[in-house]
Amino acid sequence: MANTEEPQQPEQIDPSRRSFLKISSNAIAGFATLILAIPFLDALISPSLRIKIGEFVKVGPVSVLSDGDPQKVFFDERAKDAYIEETERRDVWAIRNGSKDVTVFSPICPHLGCRYNWDPASEHFACPCHGSVWSKDGKILRGPTPRPLDTLPHKIEGDELYVKWERFKLGVPKKIVI
Amino acid sequence: MLSKINAWIEQRWPVQEMWKIATEEDIPGGASYAYVFGSATLFLFLLQIVTGVWQLFYYVPTTDHAYQSLSFLRISVPFGWLIHGLHYWGATAMVILLAAHLARVYIWGAYKKPRELTWLIGVLLLLFTMAMSFTGAALPWDEAGYWATEVGTSIAGTTPMIGSLAEDILRGGAKMGQLTLSRFFILHVAILPAILLAVIAIHIVAFRQNGSVGPWEESKRKRVGSFWPDQIFKDAFVFSVILLVLIGLAAFFAPPFTGAADAIDTTFQPKPEWNFLFLYQAIKAFQGQWEPVGTIGIPTVAFLVLLTLPFFDRRPERNPFKRPVAMIVGFVVAAGVITLTITGYYSRPGANQNEANPSVSMVTVSKKDAPDPPPPAKVVAPLTAAQKAGAKQGEQLFTSMGCSACHTVNGVGGHVGPDLSGEGLAGHPVSWLTTQIQNPKSHDPKTVMPPFTMLSSQQVGYLVDYLMSLRSKATPPTAVATTAGATSGKTASPAPVDTGRVIQLPSEVGVPGAATNMIGNPAHGKKLFDANCVSCHGADGKGGVPNPGSFLGVVPALNPVRSEVFSKDPEEFAENLDRFMENGAVPPGQNPEKHMASMSMIGYGKTQALTQQEISNIIAYIMQLNGVNRDMIRHPGIAPKTFFFLVLGIFAVLWIILGTMRLVSTQGKTRTSNDQASESNK
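Chains as they are written, first to last, in the working numbering: chain R, 1 to 178; chain W, 1001 to 1682.
These are computed hints drawn from the structure, not numbers from a lab.
Watch out, some of these pointers could steer you wrong.
Stated by the list, open to error - Calculated lysine-lysine pairs in the PhoX-like style (CA-CA distance at most 25 Å, straight line):
id: 1; chain 1: W; residue 1: Lys1222; chain 2: R; residue 2: Lys72
id: 2; chain 1: W; residue 1: Lys1175; chain 2: R; residue 2: Lys72
id: 3; chain 1: W; residue 1: Lys1222; chain 2: W; residue 2: Lys1112
id: 4; chain 1: R; residue 1: Lys169; chain 2: W; residue 2: Lys1284
id: 5; chain 1: R; residue 1: Lys72; chain 2: R; residue 2: Lys155
id: 6; chain 1: W; residue 1: Lys1284; chain 2: R; residue 2: Lys139
id: 7; chain 1: R; residue 1: Lys155; chain 2: R; residue 2: Lys100
To be verified - Derived coverage of chain W by chain R (criterion: at least 3 residues anywhere in the stretch with Cβ under 8 Å from a Cβ of chain R; other residues may be distant):
id: 8; region: 1107–1121
id: 9; region: 1149–1163
id: 10; region: 1528–1538
What the hints assert, rightly or not - Non-contacting residues of chain W with respect to chain R, defined by C-beta distances greater than 12 Å in every case (computed):
id: 11; residue: Trp1228
id: 12; residue: Ala1263
id: 13; residue: Ile1264
id: 14; residue: Lys1271
id: 15; residue: Lys1284
id: 16; residue: Arg1348
id: 17; residue: Pro1451
id: 18; residue: Val1511
id: 19; residue: Gln1608
id: 20; residue: Ala1609
Every residue, glycine too, gets a C-beta built ideally from N, C-alpha and C.
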């Protein structure tokens, strides 16, 4: 519409100044976006990285466990999932060796997080997902598992077994608490 | 009038021109059914958006409501089965058509200069579609989806360097939970669809920039067809066939109800979605420290190779017969993926792990007692050891846990296990009794007594106190001589029962739990039933296990279940069953004032002996035994199969009309001889 009017000022701006303006305003806008992105990314990532430290929970009398046979024992623990707090049922495998020595295995397959089972016939632990198999003392027999079964921290006070529920990084040879 | 409105709009928005841009496209060599895969994938994507949005009117993305809300949509919302079924099968079809589209482009050499960017963007679309498939599978928060997500995110976690961080961000924390579901939800319904829409737009613009590639033979390319109406006619025909097939799948092959997600479950055998099975199978070839090579390394390299294919295969030759290397490589890769998918589908790595639960073999033992007439009701002798604080609570537990099914105390109870009347004098120390309750196999590996691991150590203590208090070997007094205090230990039992009623009614035992509204998985329920229920209700719920002192004299059979509990309506039936599962029951006894059945049922829900998910699976199994499907569609709108045939009829009529129109129009118009040859209407 305005093409018949007098030549406009911007036409006379030096092209190099023009591209400088363009680049610098884009850079400033980009920088501002980056700064603004920080709180948004923080909101997304930080809650994921909180580490919950478990406590020792009383599981039950040690004498109840049969000598040398793995047994699944249950205990309840208050646990918080974000904003939902409820009593969660935990299960661990406990094996008593002799009178006071107990091994406690996490029920979670160290490979990719399935729940493995005890096969009393073959006396092996076996995972239904990818076929990993461990001996009674948790050593790898076969399958894709990167490490032996994970033991959980536990203590015995009097006759009572206490277990600390922990989870470990899956799929890696090293046992790392998460 | 209409033309005025048209003109008014045209002045402000170029409708005609946009239509021209969208439809006027030359297709070298003419329209072909070989070219439908890309637009069919787009059609499916739009269908996924519609069915997805419709599901959102009902679906709730929380761990405690996701499964139930989806079940409600599928069963109680008219045509919910159709909307969900289309989305479920549409996802599968979309991956298949995308693979077909990719194969077609590969064989035609359509990725070569100048169409490299179209290819590259298309490979990104494949990646985002797989991401949609992965995130979507988690949303029902059922067993299949939960465990596929657990394993899938764990695989992401094994990536060197960034794996842990990626896994934590994906899950919203170290373990699966509400934040995981929230994240997968927002990825699946907002972020990924938005990205897909944008990238599809870029893909189509890139495609139109250089146009359709057409046949590789120069001679065939001379003839030019057009997108509208030639190709659109073929496209539309294929779309409607796809839709028809999807409706058929939704009607005849409803997606399974795998049961609500249960994090401590060990009986479910997780497998990924079918389109990830080749990766699942490939993991097995790489063990130990080499595993990330299989799970992360090879897929990443394969993806990068696919992505950059046009940049190292730069020969302009498109004829597949003159590209033997490309064809052989393509064939080998496709065959490999298909083979891995099929072997992955049939592999059962943990199949030998089915008999993990030890307490299955109890029925036969109990049944020996069946011919015995129930002994006359007796009254428990007054407690001699009131000084033992827990003895009274122990007695309650003894009743509610059903101990007397097998053990006689003072003349009341079963004969499978030893008479415990004089247990306090038997010489077993406290520790021995504790062990016997919690792990009887440690004393006698052949014992049929189940381990009562669901009891807390405190409860076991009460029971032991009670047992230690049993010191009378004398035959107890007869039923007539009762005192008010004698049975006071049973006050915790559910409400008193009408005299003369044979079993408690569902409404009498208490309110149902969350399991009522979970659609269980009967196959899974059978395993749980065999582990927890057969010792009293008999194998397959056939009953016959004696319950001395109760009116029935036996534990009620569940197959068939009593008419007081049965209902043809699945929700009512499930609720009736769940009232018992949640609260337990005390069978009315022969002595009307005091229900003296020796066995009563514990509240599996209330005592947390079983999770609500497990209870829902058992309920589904019991209902199946009685010929009622827990997942029966209550409000289908139109019954699925009827609906399919209805649609089939409409489909046939419409295509007869359209086909005739097309025939007439092509004959009426003067067209090149080439075009007519290609127009064979179906």
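Here is what the structure says about each hint:
About 75 Å separates the Cα atoms of Lys1222 (chain W) and Lys72 (chain R), which puts this hinted pair outside 25 Å; it is violated. Only pairs whose Cα atoms come within 25 Å are accepted, and Lys1175 (chain W) paired with Lys72 (chain R) is accepted, the gap being roughly 21 Å. Pair hint Lys1222 (chain W) plus Lys1112 (chain W) holds up; C-alpha atoms about 20 Å apart against a cutoff of 25 Å. Of the supplied pair hints, the one linking Lys169 (chain R) and Lys1284 (chain W) holds, its CA atoms being roughly 20 Å apart against a limit of 25 Å.
The hinted pair formed by Lys72 (chain R) and Lys155 (chain R) meets the criterion: a straight-line CA distance of about 17 Å does not exceed 25 Å. Of the supplied pair hints, the one linking Lys1284 (chain W) and Lys139 (chain R) holds, its CA atoms being roughly 19 Å apart against a limit of 25 Å. With a CA separation close to 10 Å, the supplied pair Lys155 (chain R) and Lys100 (chain R) stays within the 25 Å bound. Counting residues of the region 1107–1121 of chain W whose CB lies closer than 8 Å to any CB of chain R gives 0, which falls below the minimum of 3, so the coverage claim is violated.
Counting residues of the region 1149–1163 of chain W whose C-beta sits closer than 8 Å to any C-beta of chain R gives 6, which meets the bar of three, so the coverage hint holds. Taking a C-beta to C-beta cut-off of 8 Å, the region 1528–1538 of chain W contributes 0 residues in contact with chain R, too few for the three needed, and the coverage statement is violated. No beta-carbon of chain R is positioned within 12 Å of the beta-carbon of Trp1228 (chain W); the least distance is around 36 Å. Not every beta carbon of chain R lies more than 12 Å from that of Ala1263 (chain W), the smallest distance being close to 8 Å; the non-interface claim is violated.
With a least beta-carbon separation of about 5 Å from chain R, Ile1264 (chain W) fails to lie farther than 12 Å from that chain, contradicting its non-interface assignment. For Lys1271 (chain W), the shortest C-beta to C-beta distance to chain R comes to about 8 Å, within the 12 Å cut-off, and the non-interface label is violated. Remark: the non-interface label on Lys1284 (chain W) conflicts with the geometry, its nearest Cβ contact in chain R lying 6 Å away (cut-off 12 Å). Non-interface status of Arg1348 (chain W) relative to chain R is broken: a Cβ of that chain comes within 12 Å, the nearest being about 9 Å off.
With a cut of 12 Å on Cβ distances, Pro1451 (chain W) falls inside the contact zone with chain R, its closest approach being about 8 Å. Distance check on Val1511 (chain W): its Cβ is at least 19 Å (rounded) from any Cβ of chain R, clearing the 12 Å threshold; non-interface status holds. Separation of Gln1608 (chain W) from chain R is inadequate, the least Cβ-Cβ distance of about 6 Å not exceeding the 12 Å criterion. Distance check on Ala1609 (chain W): its Cβ comes as close as 10 Å (rounded) to a Cβ of chain R, failing to clear the 12 Å threshold; non-interface status is violated.
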